[in-house]
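Spelled out from the first residue to the last, the chains are:
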Amino acid sequence: MASSAEHHQGGGHGQHAGMWVFPRREEVTSDVSGKTFAMPSVYKLALGIAAVLAALGVVGFAIRASSDGFGSPGPWGYYAAIFSFVFMVTGAAPLVACAFRFTKSHWRRPLSRVSELFAIVGVVNIVLFIPLLLAMPPIKNPDAQGTDLEVRRTLWFEVPIGAPYTWDLLCFVGLALCSVAILWLSATPDMAQARATATGFRRGLYTALAGWWYGTKRQWNHQKAGLALLGAFYFMLIIFVQFIFITEFAMSMVPFWKDSVLPPMYTVMSFQTSLGLILIVLFIMRKWGGYEGYLGKAPFWSASKILLGLTLLWTYHLFAFFITYWYGRLEVEQNILKYLFTQPYLPLFLANMLFSFLVPFLMLIWNPLRRSAWGPSLAGLSALVGALLFNLRTFAAAFNTGNHYEFALSHVPAAVLPDIWDIFMVLGGLGIVALVYLVSAKVFPLISIWEVKEGTLYQKMDTFVRGEYLVLAKPE
Amino acid sequence: MQEGRVLSTREMNRDLLRSILDTPRWFWPVVTVLGLVLLIAAIAIGIMVNRGLGVTGLNRPVAWGFFITNFVFWIGISHAGVMLSAILRLAKAEWRRPATRAAEVLTLFSLMTAMIMPIVHTGRPWRILYWVFPYDFARGIWPNIRTPLVWDPSAILTYLTSSTLFVIIALIPDFAVLRDHTTGIAHRVYSVLAMGWEGNARQWKLQIVAGVLLSALILPVFVSVHSIVSWDFGMAASVKSWHSTVFAPYFVVGAVHSGVSAVAFALILLRWCYGWQDYIRHEHIDALGRLLIVVATGWFYFLVMEILFGMYGREPDELMVRQTQFTYWPYNAWFIVFVITTYFIPVILWLSRAWRRNLWIMSIACISVNIGMWLERFLIIVPGLINKQLFTFVWADYRPSIFEIIIVAATFALVTMLMLLFSRVFPLVPLYDVKEGDVLKTQVQIGRRTVPATFRED
Chain P
1 MASSAEHHQG GGHGQHAGMW VFPRREEVTS DVSGKTFAMP SVYKLALGIA
51 AVLAALGVVG FAIRASSDGF GSPGPWGYYA AIFSFVFMVT GAAPLVACAF
101 RFTKSHWRRP LSRVSELFAI VGVVNIVLFI PLLLAMPPIK NPDAQGTDLE
151 VRRTLWFEVP IGAPYTWDLL CFVGLALCSV AILWLSATPD MAQARATATG
201 FRRGLYTALA GWWYGTKRQW NHQKAGLALL GAFYFMLIIF VQFIFITEFA
251 MSMVPFWKDS VLPPMYTVMS FQTSLGLILI VLFIMRKWGG YEGYLGKAPF
301 WSASKILLGL TLLWTYHLFA FFITYWYGRL EVEQNILKYL FTQPYLPLFL
351 ANMLFSFLVP FLMLIWNPLR RSAWGPSLAG LSALVGALLF NLRTFAAAFN
401 TGNHYEFALS HVPAAVLPDI WDIFMVLGGL GIVALVYLVS AKVFPLISIW
451 EVKEGTLYQK MDTFVRGEYL VLAKPE
Chain Z
1001 MQEGRVLSTR EMNRDLLRSI LDTPRWFWPV VTVLGLVLLI AAIAIGIMVN
1051 RGLGVTGLNR PVAWGFFITN FVFWIGISHA GVMLSAILRL AKAEWRRPAT
1101 RAAEVLTLFS LMTAMIMPIV HTGRPWRILY WVFPYDFARG IWPNIRTPLV
1151 WDPSAILTYL TSSTLFVIIA LIPDFAVLRD HTTGIAHRVY SVLAMGWEGN
1201 ARQWKLQIVA GVLLSALILP VFVSVHSIVS WDFGMAASVK SWHSTVFAPY
1251 FVVGAVHSGV SAVAFALILL RWCYGWQDYI RHEHIDALGR LLIVVATGWF
1301 YFLVMEILFG MYGREPDELM VRQTQFTYWP YNAWFIVFVI TTYFIPVILW
1351 LSRAWRRNLW IMSIACISVN IGMWLERFLI IVPGLINKQL FTFVWADYRP
1401 SIFEIIIVAA TFALVTMLML LFSRVFPLVP LYDVKEGDVL KTQVQIGRRT
1451 VPATFRED
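Residue numbers (the numbering used here), protein chains in the order written: chain P, 1 to 476; chain Z, 1001 to 1458.
Chain P with its partners taken away, still in its complex shape (with noise of 0.2 Å):
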């Protein structure tokens, strides 16, 4: 097979050079399953280094599970920071795709199927929330029946049968469910074109999946009308239930953290955090991937405005935040303010706001830089590390403030340092979201095949006045 770069032309000139990329529609197919097809040396490495963190978590978690139990928040206050940003980078990841299909950017062509695959991750978070739901707290306080404290501040106000451990766990399989039947619609023409060349059990594989699909007018039709309900669908949903996961699992733990815009603030980290992911992703594809073919430096320029958007739009949510308890002046918020800002884990909060707003911030800002594709990906990578500090100091705080059916934070609560099984954990849910990542991009295409077939239709370079510039259709 001829090389990837011998399949595609480049366009752009001067500070544009590189910026978008033309593959041949007719060879997209058979060169982007030939590398879905293939065991790199690099990959098998990858997968072996993510096996290892996931292993390295289990271990962690039976550990903690086999000395602490489930009867008592406190020691799994690390556990639930680890989920939180799996579920916060990997439940938007989708999204990303649906939002810029939405808005009909050609720029988001070769991003959509590495965005929709973090699908597959959604269903493995459901596994991972189970002890979570375990270790929380019920709403009625046990130990004072009758009293004052029979019940801490919760969402669920009339407590419904099976709130909050039903109720929360139907959002996480919903979400699931959803975001897997986007991946389904979105990847079925590109399955059901790969079903000539797959072997073994992704033929058995596609058929199933695909074997319907004949790509018919009515056929197209009916997909993009399926990924588009399904895309507001899964907007409202995933901002439901992190509205409800933030809520209950961080909020409603601390005595008096009353905190409105705390959902928003987690919805747009989320945001910022996936589209870093997914940069990250596309850096690692057109570098060791062998796809620099089908990924120019414009996904990363447009992608990096963006990020720069949300980077700022997330600082925004965090100071409306701070300034209102900060000015309040109300003994009970300042509490607050000191446990989580100023006081245990201010090491924590500085480091959060240093790689989640200060270095994406100065990184983006910088024209030169956002037409790398390196720069825009470093940015994300320092959004995801601010990300997972944020999530440490927030619930490893929320779990371990003592009494969370108290009504206010009475006094500030010392910070909680993790022990080894907290650090596994750590490193295993990481590992486990790489390894269910790595396997599933040997089983569906990681660059969507239709999307860049169509692309190169509505896009192509032409002539105006002196010069050479892109031209882009938009179709009704």
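Just so you know, the hints here were simulated from the structure itself, not pulled from any lab data. Treat the hints with care, since some could be wrong.
Said to hold, decoys possible - Okay, derived cross-link-like pairs now, DSS-like style, lysine-lysine, Cα gap no bigger than 30 Å in a straight line: (1) Lys305/P with Lys1388/Z; (2) Lys474/P with Lys1205/Z; (3) Lys1441/Z with Lys474/P; (4) Lys104/P with Lys35/P; (5) Lys217/P with Lys474/P; (6) Lys104/P with Lys287/P; (7) Lys104/P with Lys1092/Z; (8) Lys460/P with Lys1205/Z; (9) Lys1092/Z with Lys305/P; (10) Lys1388/Z with Lys104/P; (11) Lys305/P with Lys104/P.
The structure presented is a predicted model; accordingly, all values stated were derived computationally and were not measured.
Let chain P serve as the given structure and place chain Z on it in line with the hints.
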């Protein structure tokens, strides 16, 4: 197919300068009627200054009523300019072109109008001096520079200054066109305003760079203005329903919602008044409608957060405010009207492509949003104040007096009149922007279909 006719430069100049070079028959009668409304409001203000704030419905503890509601409303409308002009310029949304000028000008006039409201609200405007200058050294009474009430004018004046610059920079090429189409005093005035514009490559480059830079610089100001307005409320820990951390983004998104709706309605009016069917096309209104679905839904999410977390705390005084909003007459009725008009009516209408392209339906939807958004501010301010608060021990209701109603109504007349007068001397659809968009238009042939396309430098 591209929507709209292909127009020559001559036709564009003729059509878009029509509002300046020819006076429509309806123009002066409409301005006169609006002027009369303003005159009545001026008399009302005069009486209020003479007799004091007792002529209004304000009382203790409801010290903020219609005037402050109206202040927040007009600040909100002013967010249309940056949203449509700066953000869409940075996002390179082609459909923004005919809407930018109207949005920017609406920003200026609504900001000016908003600034009038706190002055009127003082009852006797010279009392503003007490806020600015320390007036009683002996008793140690100093202006509290740490209050958001002081941050407010700083943010608003910065926004006004930067928005004015934004409008002027964008107007320069159009001033030059006007200079070349006028004679006498008008020619001399436009020559001065055009600042020697010849349209050479260097001037265009500078103008574009200035526009992009201002777009980026104005964004933080845009966000800060309504955030600070929200903190006028949010920092008041004593009024429980106001002390909410979500207020800043909630207010900003609400402002964009009302502002963009107002611009969409203004564009429909301009199209109708000046016959700009070839410039303000259905596709533009359609795009605004689609943008508004997203904005409205974002706003609705913040509304739900605000209400839900208001009740989440289960604090009796906050629950009392919510009870007032949801169950006490007439606030319960206003609350239902507010939610329906701000979200459900418009969004349901915007979901249909055919309805987004129906100008009557779009007008109804946009007006509906602004009725709702005005009520939103009223329902935040008044129910919070009429209940017992942390440091006050009085309850009272609030009924706006005829003076307040007249003055608030007059602000709508003022903004309309200023927009009309502006359209008499400056083009409300940017000529150079529309022409540029026309030049960049092209088409791509895909099989048997011709798809509209655009040249992009990046």
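Exercise. Given the hint that lysine 104/P pairs with lysine 1092/Z, does the C-alpha gap stay at or below 30 Å?
Worked result: Satisfied, since the Cα-Cα distance of roughly 13 Å is no more than 30 Å.
For this session: Verify the proposed pairing of lysine 460/P with lysine 1205/Z, using a straight-line Cα cut of 30 Å.
Result: Given pair lysine 460/P, lysine 1205/Z holds - Cα atoms ~26 Å apart, limit 30 Å.
Exercise. Holds or violated: are the alpha carbons of lysine 1092/Z and lysine 305/P at most 30 Å from each other?
Worked result: Holds, at roughly 12 Å.
Exercise. Are the Cα positions of lysine 104/P and lysine 35/P separated by 30 Å at most?
Worked result: With a Cα-Cα distance of about 27 Å, the restraint between lysine 104/P and lysine 35/P holds, given a limit of 30 Å.
Exercise. Is lysine 474/P within 30 Å of lysine 1205/Z, Cα to Cα?
Worked result: Roughly 27 Å between the alpha carbons, so the hint for lysine 474/P and lysine 1205/Z holds.
Exercise. Between lysine 305/P and lysine 1388/Z, does the CA-CA distance stay at or below 30 Å?
Worked result: Violated, at about 47 Å.
For this session: Take the C-alpha atoms of lysine 305/P and lysine 104/P, compute the straight-line distance between them, and say whether it is at most 30 Å.
Result: 17 Å, holds
Exercise. Taken at face value, is the distance from the CA of lysine 287/P to the CA of lysine 104/P at most 30 Å?
Worked result: At roughly 27 Å apart (the allowed maximum being 30 Å), lysine 287/P and lysine 104/P satisfy the hint.
Problem set entry | Restraint check for lysine 1388/Z with lysine 104/P, where alpha carbons must lie at most 30 Å apart | This hinted pair is violated, its Cα atoms lying about 52 Å apart.
Exercise. Straight-line Cα separation of lysine 1441/Z and lysine 474/P no greater than 30 Å?
Worked result: 11 Å, holds
For this session: Would you mind confirming whether the straight-line C-alpha gap from lysine 217/P to lysine 474/P stays at or under 30 Å?
Result: It holds: about 19 Å lies between the C-alpha atoms, which stays within 30 Å.
Going down the numbered hints, you'll see the structure goes against 1, 10, while the others check out.
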